[in-house]
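Using the hints provided, position chain B relative to the given structure of chain A.
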Amino acid sequence: MHNLKLASVVVGLSMASSGFAATQIEWWHAMGGANGEKVDEMAKAFNDSQSDYEVKPVYKGNYTETMTSAIAAFRAKQQPAIVQVFEVGTASMMAAQGAIYPVYQLMKDSGQAFDESAYLSAVTGYYSNSEGQMLSMPFNSSTPVLYYNKDLFKKAGIDQAPKTWQDVESVSKKLLASGVTCGFTTAWQSWVQLENLSARHNVPFATLENGFGGVKTELTFNGPLQVAHISKMGEWQKNGIFSYSGRTNDGAAKFYSQECAMFTESSAGFAGIKRNATFDFGVTELPYWEGKVEQPSNTIIGGASLWVLQGHSKEEYKGVASFLSYLSKASVQADWHQFSGYLPITKAAYELTKEQGFYAANPGTETGVMQMTTGTPTENTKGLRLGNFVQIRGIIDEALESVWSGNVDAQTALNTAVERGNAQLRRFEKANN
Amino acid sequence: MTVTFPQKVLPWLLLLPQLLVTAIFFLWPAEQALEQAFYQEDAFGLSREFIGLENFADLFTDPLYYQSMLTTLVFSFSVAIVGMSLALLLAVMADRIIRGKLAYQTLLIWPYAVAPALAGVLWWILFDPSMGPIALWLKAAGVNWNHYLDGNQAMILVVIASTWKQISYNFLFFLAGLQAVPRSLIEAAAIDGASPFKRFWTIVFPLLSPTTFFLLVVNLVYAFFETFGVIDATTKGGPGQSTTTLVYKVFDDGFVGLDLGGSAAQSVVLMAIVGLMTVIQFRFIERKVQYS
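Listed in order, the protein sequences are those of chains A and B.
Numbers in this note's numbering are just positions in the first sequence, counted from 1, shifted up by 959.
Numbers in this note's numbering are just positions in the second sequence, counted from 1, shifted up by 374.
Bear in mind the hints are in silico, worked out from the structure with no lab data behind them.
Source: prediction; values computed, not measured.
Every residue, glycine too, gets a C-beta built ideally from N, C-alpha and C.
Please note that the accuracy of each hint is not assured.
Stated by the list, open to error - If you anchor each label on the Cβ, the simulated ranges turn out as follows: (1) Y440(B) - S1129(A): 42 to 48 angstroms; (2) T396(B) - E1177(A): 46 to 52 angstroms; (3) A554(B) - G1020(A): 44 to 50 angstroms; (4) E1194(A) - F658(B): 48 to 54 angstroms; (5) T1207(A) - K513(B): 19 to 25 angstroms; (6) K1113(A) - V592(B): 58 to 64 angstroms; (7) E1024(A) - F656(B): 34 to 40 angstroms; (8) A981(A) - I398(B): 51 to 57 angstroms; (9) T1207(A) - I647(B): 28 to 34 angstroms; (10) L1167(A) - Y440(B): 31 to 37 angstroms.
Okay, chain A solo, but in the shape it has when bound (with noise of 0.2 angstroms):
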């Protein structure tokens, strides 16, 4: 009898939240854990602040898993209104001529306020086509830092946070010496210890405007910077300044346990560290050569963007517009910035993010940030657009593994790389033209 009273009331309830015909829109992403509540708390903000549209978050597993399964979904004609797409699958995204529409576009056609200068340049650049007309809404976006464990640097005797590769080396011995097992570790070697290392030393990955110019891109990630780097950090490994663990993020459990005192790592990645150092951590911006560049260039981007599939009705397509709209608010972005650690795309949400003062109360949270706005991008760090880019950084990932393993040298490794790569680019540009 109990459960039954409670039963209608849940019924009651959903009817009442349900009962007026609010045009649905499905938003498919693929944020877990905490990051997923705060999605499903921003869609409901949306829905509560009208009453015109409802917005549903779907939780679609990884971003290889949300993008598949979005791709099947339209292959089956059941696509979602908007699909959050990670940084690699933009090419494939925007090749999709007949199944996306660009956001430059939905915004015109429903007669939302758009300015696309509101936005950060260093973000939006790497999803604008070559007009600078933005064709997918960035969302979670982060790039590169390098974080380092205070506690163990007092300890060995070092003062100031390591700015260059040089000094990273200096340090290491330091800390190795003063019996830390590892200087330091890396997350997403490919993006990090390759696509940004280019961008920070101003170097192009691909040619074309790493491949903004068009699908005949040819990958240039062979030249004699990325190859000192990578022979540089070969030798790292074997005598434990570098210590390698695995593809994606894993690196963290040898930061968290204090095995590495260094570690590179998303910007994004400085919520989850702050949960678990069970020391006090500093943050600085991505190392680079000193010698090999004058000034540091901007780092690129990683993380995802919301692109809105083709196949709905007009209606929908208004409730898209404006939820784009409201996720660029200032206070919302800076709510997201703020609690994600993703950085702020719109420089109103930098701005209101100062004035609340959370930069001065969260040491480090701003250096992604300033480190991506250094300077005004150029073609080699705007970003990098490459087909099939999912297989070509598993084939960076095999050729760097065997240049950790001491299998192959740097030079060798990456030369078997690249054209491995450009045999992708090339399936690529001939399934796409």
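Chain B only, in chain A's frame:
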């Protein structure tokens, strides 16, 4: 004596559900894969181009594809042999237990109920180089365990994770096989003075050969086709390509890389390989099997 059914329709009607399942879940996808293998298509299916045998040509000119074949053979036979030997050992021991038999058997069968990906995650945690208990014991024993870097260790890890689950299945069949061995034969041999070891090898094991043969086929097919979940959860095919088996490559190229044509060509090749293997097994190995 042949039994003849007066009805012509009823047998077909009774077969229908199974035939439908086979057609919908096996024949149709197989046909789709075969067709897809001759096309190059973008991920969204917006454009499609017939390219003949190009997908296959790409495969067979790729030295890494042959390497993956070799990896698959090493992996599959390791899984089958390790899984079957351990299961046989456990079955022989469980067969001798008199008290609490059911409890032992149930516990040994349990792992089969664990989903492959979950089994993968479990072993991945146990062997994690910096915090996994087994990895730490190994380190204490002087083995530098780091499967992120060492291809052989990664292979050992995926073999363990894939075998663990399969032991239960093998165990069940071996146990049933053992229980079907007539007691009188074993007792007669014992009276003639044959040692337990000799009794096992000359009487029990030959009588188990149909079971062993069946399990060999099943285990190899399992290792070939159903292990990508475990590999994905433990090593993702790495380091390098040292644990990229053929079926993992199909999954990775098709569902992660979204190269449908290339992935379909690979699955056609895989189909052919498994077909060939099954024929070989039935023609050559089965001759040595004693069914009665």
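Hint by hint, here is what the structure shows:
1. Y440(B) - S1129(A): 42 to 48 angstroms: Since Y440(B) and S1129(A) have Cβ atoms about 45 angstroms apart, the given range 42 to 48 angstroms holds.
2. T396(B) - E1177(A): 46 to 52 angstroms: This hint holds: roughly 47 angstroms between Cβ atoms.
3. A554(B) - G1020(A): 44 to 50 angstroms: 45 angstroms, holds
4. E1194(A) - F658(B): 48 to 54 angstroms: 52 angstroms, holds
5. T1207(A) - K513(B): 19 to 25 angstroms: 22 angstroms, holds
6. K1113(A) - V592(B): 58 to 64 angstroms: For V592(B) against K1113(A), whose Cβ atoms are near 59 angstroms apart, the range 58 to 64 angstroms holds.
7. E1024(A) - F656(B): 34 to 40 angstroms: 38 angstroms, holds
8. A981(A) - I398(B): 51 to 57 angstroms: 38 angstroms, violated
9. T1207(A) - I647(B): 28 to 34 angstroms: 31 angstroms, holds
10. L1167(A) - Y440(B): 31 to 37 angstroms: Given about 33 angstroms between the Cβ atoms, the range holds.
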